[in-house]
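Spelled out from the first residue to the last, the chains are:
Protein chains: 2
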Amino acid sequence: MAFKTISAKAAAALDKELMSSGAFSIDQLMELAGLSVSQAIYRVHPPNNGRRILVACGPGNNGGDGLVAARHLSHYGYQPTVYYPKRSKNELYQRLSKQLEDLNIPFTEDFPAALGSADHVVDAIFGFSFSGEVREPFPAVIKALEETKVPVTSVDAPSSWSIEDGPPEFGVGCNFHPAVLVSLTAPKPLVRHFKGRHFIGGRFVAPSIAAKYNFDVPRYEGIDQVVEVDTSEEKL
Amino acid sequence: MAFKTISAKAAAALDKELMSSGAFSIDQLMELAGLSVSQAIYRVHPPNNGRRILVACGPGNNGGDGLVAARHLSHYGYQPTVYYPKRSKNELYQRLSKQLEDLNIPFTEDFPAALGSADHVVDAIFGFSFSGEVREPFPAVIKALEETKVPVTSVDAPSSWSIEDGPPEFGVGCNFHPAVLVSLTAPKPLVRHFKGRHFIGGRFVAPSIAAKYNFDVPRYEGIDQVVEVDTSEEKL
Numbered sequence: 001m002a003f004k005t006i007s008a009k010a011a012a013a014l015d016k017e018l019m020s021s022g023a024f025s026i027d028q029l030m031e032l033a034g035l036s037v038s039q040a041i042y043r044v045h046p047p048n049n050g051r052r053i054l055v056a057c058g059p060g061n062n063g064g065d066g067l068v069a070a071r072h073l074s075h076y077g078y079q080p081t082v083y084y085p086k087r088s089k090n091e092l093y094q095r096l097s098k099q100l101e102d103l104n105i106p107f108t109e110d111f112p113a114a115l116g117s118a119d120h121v122v123d124a125i126f127g128f129s130f131s132g133e134v135r136e137p138f139p140a141v142i143k144a145l146e147e148t149k150v151p152v153t154s155v156d157a158p159s160s161w162s163i164e165d166g167p168p169e170f171g172v173g174c175n176f177h178p179a180v181l182v183s184l185t186a187p188k189p190l191v192r193h194f195k196g197r198h199f200i201g202g203r204f205v206a207p208s209i210a211a212k213y214n215f216d217v218p219r220y221e222g223i224d225q226v227v228e229v230d231t232s233e234e235k236l
Numbered sequence: 001m002a003f004k005t006i007s008a009k010a011a012a013a014l015d016k017e018l019m020s021s022g023a024f025s026i027d028q029l030m031e032l033a034g035l036s037v038s039q040a041i042y043r044v045h046p047p048n049n050g051r052r053i054l055v056a057c058g059p060g061n062n063g064g065d066g067l068v069a070a071r072h073l074s075h076y077g078y079q080p081t082v083y084y085p086k087r088s089k090n091e092l093y094q095r096l097s098k099q100l101e102d103l104n105i106p107f108t109e110d111f112p113a114a115l116g117s118a119d120h121v122v123d124a125i126f127g128f129s130f131s132g133e134v135r136e137p138f139p140a141v142i143k144a145l146e147e148t149k150v151p152v153t154s155v156d157a158p159s160s161w162s163i164e165d166g167p168p169e170f171g172v173g174c175n176f177h178p179a180v181l182v183s184l185t186a187p188k189p190l191v192r193h194f195k196g197r198h199f200i201g202g203r204f205v206a207p208s209i210a211a212k213y214n215f216d217v218p219r220y221e222g223i224d225q226v227v228e229v230d231t232s233e234e235k236l
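Keeping their order, the protein sequence lines are chains A and B.
Numbered per full-length UniProt numbering, the first sequence spans residues 1 to 236.
Numbered per full-length UniProt numbering, the second sequence spans residues 1 to 236.
Among the clues, some could well be false.
One copy or any two copies: either way a pair holds, since identical chains are not told apart in the list.
[To be verified] In silico DSBU-like pairs for lysine-lysine, Cα to Cα no more than 30 Å straight-line: (1) 89 with 16; (2) 4 with 16; (3) 9 with 195; (4) 212 with 9; (5) 98 with 16; (6) 4 with 195; (7) 98 with 4; (8) 9 with 89; (9) 4 with 212; (10) 86 with 149; (11) 86 with 98; (12) 98 with 212; (13) 212 with 16; (14) 195 with 143; (15) 143 with 89.
Since the hints were derived computationally from the structure, they do not count as laboratory data.
A quick note: this is a predicted structure, and the numbers were derived from the prediction, not measured.
The shape of chain A in the complex, shown without the other chains (with noise of 0.2 Å):
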C-alpha cells in the first residue's frame, strides 16, 4: 500500500489541530516524537554499532525533537553530543536543554570536529515549516552532511530539502541523500526523492483525525513507537 503524504500546510494545521481539539500539549507531542526518532536509532544503529550519536538540533521544534531523542538516546546507552547553535529563548527548550545538562550530554559548538569522532548523526534541524534558504549557521553544517561517510538520520524532513518538492536543485543540500528519514504522524511529499530506509512515528494521531487530514495511521506493530515503511511503496 502506498502511503498518502501530508503537505506542510496540513502538517501545520495537524499540529494546530492536536494541540487544540486534539488537547495535547507540545510538551507531550515532543516526547513522543523524540522518543520515535530515538526507537529509529535503536533500530537502524543499535548501540554496538557505536555509541557516539551527534545530534544537530535547528531553532524550532524539529531541534526540539532531537533534543528529547538525545535525552532517551542517552539512557539507552549512548553517548550523544548535541551540537545546538540557535538556542531558542522559549521556556520548554531551555527546559529540554536542561535536562541534558543533568545527565551529562555534552553541547558542542565545532560541528566539524564532532562529526568527526561520531558514529550516527540526527539531523534535527529543520522540518516541515522549512521553506527558502539555509540561515547560517546551518549551511556549513548541511554542507558537512552531503559530504560526510557517517550515516545521517533526519528527522522528519532532509534539512535543506523542500517539503514539497525534495532536494534543492542545485546549491546547499542539492547532493544531501541521508540514509534513514522518520516521518513524524505522516510522510510529506519529499518522500518520492528520498532513497533510505523510512520509518513514520508520532504514535499519537487518532484515526478520525488522520481521516481528516487524508492519510493513513500505519501498522505499528506490538509498543514500537516507530514503523518502518517500504520506500519504494511510495512512488508507486
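Using the hints provided, position chain B relative to the given structure of chain A.
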C-alpha cells in the same frame, strides 16, 4: 541485588525536584510514567490474552498515569474502558480525558459491570501520596478488586496500602494482592509485602538525582521503559 526503596516523603520531594531543578513538566513525566505502565501491561498481558482492559483512575497524579496508559493501550490494539469517578478539574487531566474520548475509549460509571467483562484491570487509583482512609466511592472498588479473579496491575502502589507499611491490617484493602506492580522511578517500602510480578518504570531519572535520593536506576534493556525485577530479592 536488592533494590533500595524510597519513602513517600522522598518520592514527593523527588517529584518536586524533577519538576523544578530537573526541568521536567508534569506533562512529560506523566506521559513517560503512563507509557511505562502500558508497556508493563503489554508484557504481562499481551493483546492475545484478551483486549478488554479496565483502567480505574483516582483523582490525582496516579489517575493521570492511568489515563495516559489507557491511551497507549488503545494504540496497541487493546480495548480499554476507563472508570474515573472523581474527575479532576485541573486542565491537564481534562486534556488527557479528551485524548481518550477522541479515540472513542468509553468511560464507565458502573465499576462492577465493567469488571465483569474485563480481561485485566489497571489500578491507578492511589499512588505514593495516599495515606489514611480510602474515600468514597473507592471502598467498594477496592473491595471488588480484592474479590475478583481478574488479574490486577497496580500503579506505584496497591491502592489502599500504606506506602511505608503495606496492606492495612483490617478493613478495606486488607486482602488486596494485585498480580502485578509497576513502581515508578523507585520501589516504595510497601514492596516488602508484595508477592506478584514487579516492574520498575519511569526511565527519565538522571543518575545524579537517583544518587541524591539514594536509590538505584535499574538496568533497563534496549529501548524498554520498564524492567521486571525479582521481587524475592527485595526481601533480602
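Evaluated hints:
1. 89 with 16: both (21 Å within a copy, 24 Å between copies)
2. 4 with 16: within (20 Å within a copy, 44 Å between copies)
3. 9 with 195: Within one copy only: 24 Å inside, 54 Å across.
4. 212 with 9: within (14 Å within a copy, 47 Å between copies)
5. 98 with 16: both (26 Å within a copy, 16 Å between copies)
6. 4 with 195: within (17 Å within a copy, 49 Å between copies)
7. 98 with 4: Between copies only: 27 Å across chains, 37 Å inside a chain, cut-off 30 Å.
8. 9 with 89: within (25 Å within a copy, 34 Å between copies)
9. 4 with 212: The answer is within: 13 Å in one copy meets 30 Å, while 49 Å across copies does not.
10. 86 with 149: within (25 Å within a copy, 57 Å between copies)
11. 86 with 98: Close inside one copy (15 Å), not across copies (35 Å); limit 30 Å.
12. 98 with 212: between (37 Å within a copy, 17 Å between copies)
13. 212 with 16: within (14 Å within a copy, 40 Å between copies)
14. 195 with 143: Within one copy, since 19 Å is at most 30 Å while 58 Å is not.
15. 143 with 89: within (27 Å within a copy, 51 Å between copies)
Every hint, counting from the list given before, is met by this structure.
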